[in-house]
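The whole structure should be built from the sequences, with the hints applied where relevant.
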Amino acid sequence: MNILIVEDESRVAKRIERLTRDIFGEALQSLTHINTLHEALAFIETHSLDLVLLDLNLNGEDGFDLLSTAVSQSFHTIVISAYKDQAITAFEYGVLDFVPKPFNRDRLEQAFHRTVTKDKIETDKIKVLAIKKRNRIQLIPIEDLLYIKGAGAYTELFLIDEKKELHDKSLEKLEQLLSNSFERIHKSYLVKMSEVKGVTVASGSKYMAELKNGVLLPIGRTKYKDLKAKWF
Amino acid sequence: MTLKFSLCFLLVSVLLLASSCAQDPAISKEHQTVFKIGDHPTWADKDWDDNNWEKRIKYVPDGQVFWSRTKIDILSAPEGLRPYGLQIDVYGEYEIFWDGVLIGRNGNPGQEAELPPEGKLWITYGIPAHLATEGVHVLAVRLSNYYFPDHIGRYVIEIADYEDLLTSLLIKTSYMHVFAGAFLIISIYFLFLFLNNRKEYPTLIFSICCFLIFALVLTVFSKDYVPVHYGLHVIRLQIINSFLLGISFLIPYYFSMQFPYPRRKLSLILYAALLIFFWLKGGHAFDFKTVSMVLSMWCFSFGMVAYGVYKNVRGARLVLGTLLLSIAVFLASGFVVSMYTGMGLILLGMLYLLTLNIKAQRLAYENSLIQSTRLRLELLKKNIQPHFLMNTLTSLMDWVEESPKKGVLFIEALAKEFDLFNQIENQTLIPIAQEITLCRTHLEIMEYRKELNYFWEEEGIDQEQKIPPAILHTLLENGITHSLPLEDNNIRFKLIFESNIQYRSYTFLTFAAGVRQGSSREEGTGLKYIKARLTESYQSSWDLESEPTDHGWKNVIKIYN
Numbered sequence: 000m001n002i003l004i005v006e007d008e009s010r011v012a013k014r015i016e017r018l019t020r021d022i023f024g025e026a027l028q029s030l031t032h033i034n035t036l037h038e039a040l041a042f043i044e045t046h047s048l049d050l051v052l053l054d055l056n057l058n059g060e061d062g063f064d065l066l067s068t069a070v071s072q073s074f075h076t077i078v079i080s081a082y083k084d085q086a087i088t089a090f091e092y093g094v095l096d097f098v099p100k101p102f103n104r105d106r107l108e109q110a111f112h113r114t115v116t117k118d119k120i121e122t123d124k125i126k127v128l129a130i131k132k133r134n135r136i137q138l139i140p141i142e143d144l145l146y147i148k149g150a151g152a153y154t155e156l157f158l159i160d161e162k163k164e165l166h167d168k169s170l171e172k173l174e175q176l177l178s179n180s181f182e183r184i185h186k187s188y189l190v191k192m193s194e195v196k197g198v199t200v201a202s203g204s205k206y207m208a209e210l211k212n213g214v215l216l217p218i219g220r221t222k223y224k225d226l227k228a229k230w231f
Numbered sequence: 000m001t002l003k004f005s006l007c008f009l010l011v012s013v014l015l016l017a018s019s020c021a022q023d024p025a026i027s028k029e030h031q032t033v034f035k036i037g038d039h040p041t042w043a044d045k046d047w048d049d050n051n052w053e054k055r056i057k058y059v060p061d062g063q064v065f066w067s068r069t070k071i072d073i074l075s076a077p078e079g080l081r082p083y084g085l086q087i088d089v090y091g092e093y094e095i096f097w098d099g100v101l102i103g104r105n106g107n108p109g110q111e112a113e114l115p116p117e118g119k120l121w122i123t124y125g126i127p128a129h130l131a132t133e134g135v136h137v138l139a140v141r142l143s144n145y146y147f148p149d150h151i152g153r154y155v156i157e158i159a160d161y162e163d164l165l166t167s168l169l170i171k172t173s174y175m176h177v178f179a180g181a182f183l184i185i186s187i188y189f190l191f192l193f194l195n196n197r198k199e200y201p202t203l204i205f206s207i208c209c210f211l212i213f214a215l216v217l218t219v220f221s222k223d224y225v226p227v228h229y230g231l232h233v234i235r236l237q238i239i240n241s242f243l244l245g246i247s248f249l250i251p252y253y254f255s256m257q258f259p260y261p262r263r264k265l266s267l268i269l270y271a272a273l274l275i276f277f278w279l280k281g282g283h284a285f286d287f288k289t290v291s292m293v294l295s296m297w298c299f300s301f302g303m304v305a306y307g308v309y310k311n312v313r314g315a316r317l318v319l320g321t322l323l324l325s326i327a328v329f330l331a332s333g334f335v336v337s338m339y340t341g342m343g344l345i346l347l348g349m350l351y352l353l354t355l356n357i358k359a360q361r362l363a364y365e366n367s368l369i370q371s372t373r374l375r376l377e378l379l380k381k382n383i384q385p386h387f388l389m390n391t392l393t394s395l396m397d398w399v400e401e402s403p404k405k406g407v408l409f410i411e412a413l414a415k416e417f418d419l420f421n422q423i424e425n426q427t428l429i430p431i432a433q434e435i436t437l438c439r440t441h442l443e444i445m446e447y448r449k450e451l452n453y454f455w456e457e458e459g460i461d462q463e464q465k466i467p468p469a470i471l472h473t474l475l476e477n478g479i480t481h482s483l484p485l486e487d488n489n490i491r492f493k494l495i496f497e498s499n500i501q502y503r504s505y506t507f508l509t510f511a512a513g514v515r516q517g518s519s520r521e522e523g524t525g526l527k528y529i530k531a532r533l534t535e536s537y538q539s540s541w542d543l544e545s546e547p548t549d550h551g552w553k554n555v556i557k558i559y560n
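Protein chains in written order, with numbering that gives the first Met the number 0: chain A, 0 to 231; chain B, 0 to 560.
Keep in mind that the hints were calculated from the coordinates and are not lab data. One thing to keep in mind: the hints can contain errors.
[Claimed, not checked] Computed Cβ-Cβ distance ranges for the label pairs, DEER-style: (1) A:Val115 with B:Lys530: 46 to 52 angstroms; (2) B:Tyr364 with A:Asp84: 33 to 39 angstroms; (3) B:Leu376 with A:Lys132: 40 to 46 angstroms; (4) A:Lys132 with B:Ser540: 48 to 54 angstroms; (5) B:Thr436 with A:Asp167: 50 to 56 angstroms; (6) A:Asp84 with B:Leu543: 27 to 33 angstroms; (7) A:Ile22 with B:Ala512: 16 to 22 angstroms; (8) B:Lys530 with A:Asp167: 44 to 50 angstroms.
[To be verified] Derived pair list, reagent style PhoX-like, types lysine-lysine, alpha-carbon separation capped at 20 angstroms: (9) B:Lys404 with B:Lys381; (10) A:Lys186 with A:Lys172; (11) A:Lys131 with A:Lys83; (12) B:Lys381 with A:Lys83; (13) A:Lys148 with A:Lys162; (14) B:Lys405 with A:Lys83; (15) A:Lys131 with A:Lys163; (16) A:Lys224 with A:Lys186; (17) A:Lys148 with A:Lys83; (18) B:Lys171 with B:Lys198; (19) A:Lys13 with B:Lys380; (20) B:Lys381 with A:Lys13.
The model shown is predicted, which means the values in this text are computed figures rather than measured ones. Ideal placement from N, C-alpha and C gives every residue a C-beta, glycine not left out.
Spelled out as structure tokens, the structure:
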């Protein structure tokens, strides 16, 4: 695990650091602490990370710029903040968890657990996916999203207006964030279930999910039973 | 709306007054009055031949006796036992004859030089019923005019039902006294308002205006029950005109305060000069003076109010309306009625403006109360706002887990700050020493949280000074939030106090690296809090500068003496 802590309260940062080392133990490869927004942005661009622990109030500056940048990256983001009222917005942006201050070891561990677990997290709070564009971050509303195709380390987002966008997060990470309304029907496909019109059987007894706009997507052999039980 | 109601009320009273003065069809017709200097008892006779008498005598010196004869046609005889009466105002002391019969005496004609003044100017006499038959009669007056020998003749004579003459006077007088009384009460009320708030000069001017109108109406309409000798009449008119001079100046002056315009002083001086010119000019032509002053007043007021409407000042439209209404009354009912109703209307307009002022003041006061409460809450909130409290608690948890002894010291520092906040919570000014202790305690807490070395320095502090609570504390908080430590892990703060004749100033310096000024929330609310506190205690006589410097940041609070 490569973890970055962005926090301007020195004692709080030390606490996070101590507890993180404690929780991850040997699994931790690197742990960095940065206390300003600009350094954090620069660090994110140049380093490969698995998790960012982010305080949204750095030296009196608005942390939401940093947040939208962070969530557009390949890693998961956990917000640790004194302002509980920021939680809803943070979840809408697609953070993995929101840990309110003050926090103890258990609460932090619970948040970390989400990064490693295969269990789906029941959350319907996410509203947008942030994607990196040239020099800026674009927010794509979840309601505009039809399905997602895994493409190696990154993913392709297929939108209602037939546009295609790239996202830096892996299909697994997005599945964690979107598990409430999306279903992994294939090792390469994550589909919004409300867009699925029905299931057709193609030659070679391949199951295909037919979307409302006519697009056919393959259903994995191992997934079919679960899907049938849950959805049809 | 009360104002509309009162305007309607005023209009109705005007109509009532006008109708009460309305005349019945004439019952008599007055012919040319003729005069003759000299004295003879037969000149009173109805049949005396006065063809060679003069139509006008300009001058009768030394209080000599002279006579006047006026033929009067009675067009219809009185009904039943109701006698006719004769109302007359004559300059002079006289005996009055109706068809040769003496019906009244007023003073001592011909003996004025020797005897003290006696009699009065306005009198109503009864005409004996048997002499008031239809046809021509002669009113003969034997008189002398010692005090105004160049003011001979020109009487006002009115013949009507004797009782009606007396009651109509009474009705008119009582109406006008009610009118005057209202102004007296308003005047006293607004005088008291002024005495309780001596900065409100419009209130005082309004009060004086009301009092002058009260005095004017009382002087004009007391003539029917306060005997005035004809010798005093000019003095009475001068008094009336002086009241009018005051009113004519003060009403536009009041409007000029409510609707300020450029070159106000100069125009008011010129206006005052014009009024005084009218007041002095024209000798005994009092009607001319009155009309000139009242018309100038109207024109000037109209100009100012129209400017107010042009500038969109609140209430100006309504006042302009009352001014136009007074002109309407003037066109409908003549000068005298419109003068009093017009003044009443204008004063109502002025009253409306005052109530607008009072309302604005009340709102400002209520706002200041709300503002004070809000500031108090904001002060209380400083210690429970999430950023401070939650970060402090998180740090505290860590200290307790890592080093319980330090944790205890941390809690003590925290308790001290809470205690200080409790002490200053409901005050608007606190001793500077208390504020500095608060800052030092806050730094102690922040050292535990940020693990930096904070240094506090002060220079020239005058322990006697007081300042609004937590404003330096707020500057300190901003300094801490927006600063990064210097290379030796230090941040220094310095407070410098200076005072001179004009102002006292607090300079608050932050020595740190990377101090950035964002449009962030804390910065905004922090400075807003400081400004609101300064306004609460020093109104507008303060100044706050906030700017970056080479070494960090600089805030200067100036409080003017």
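Results for each hint:
no., hint, in the structure
1, A:Val115 with B:Lys530: 46 to 52 angstroms, "51 angstroms, holds"
2, B:Tyr364 with A:Asp84: 33 to 39 angstroms, "34 angstroms, holds"
3, B:Leu376 with A:Lys132: 40 to 46 angstroms, "44 angstroms, holds"
4, A:Lys132 with B:Ser540: 48 to 54 angstroms, "53 angstroms, holds"
5, B:Thr436 with A:Asp167: 50 to 56 angstroms, "52 angstroms, holds"
6, A:Asp84 with B:Leu543: 27 to 33 angstroms, "30 angstroms, holds"
7, A:Ile22 with B:Ala512: 16 to 22 angstroms, "34 angstroms, violated"
8, B:Lys530 with A:Asp167: 44 to 50 angstroms, "45 angstroms, holds"
9, B:Lys404 with B:Lys381, "26 angstroms, violated"
10, A:Lys186 with A:Lys172, "13 angstroms, holds"
11, A:Lys131 with A:Lys83, "27 angstroms, violated"
12, B:Lys381 with A:Lys83, "17 angstroms, holds"
13, A:Lys148 with A:Lys162, "13 angstroms, holds"
14, B:Lys405 with A:Lys83, "28 angstroms, violated"
15, A:Lys131 with A:Lys163, "13 angstroms, holds"
16, A:Lys224 with A:Lys186, "15 angstroms, holds"
17, A:Lys148 with A:Lys83, "34 angstroms, violated"
18, B:Lys171 with B:Lys198, "39 angstroms, violated"
19, A:Lys13 with B:Lys380, "27 angstroms, violated"
20, B:Lys381 with A:Lys13, "25 angstroms, violated"
The structure does not agree with the numbered hints 7, 9, 11, 14, 17, 18, 19, 20 stated previously, though it agrees with the rest.
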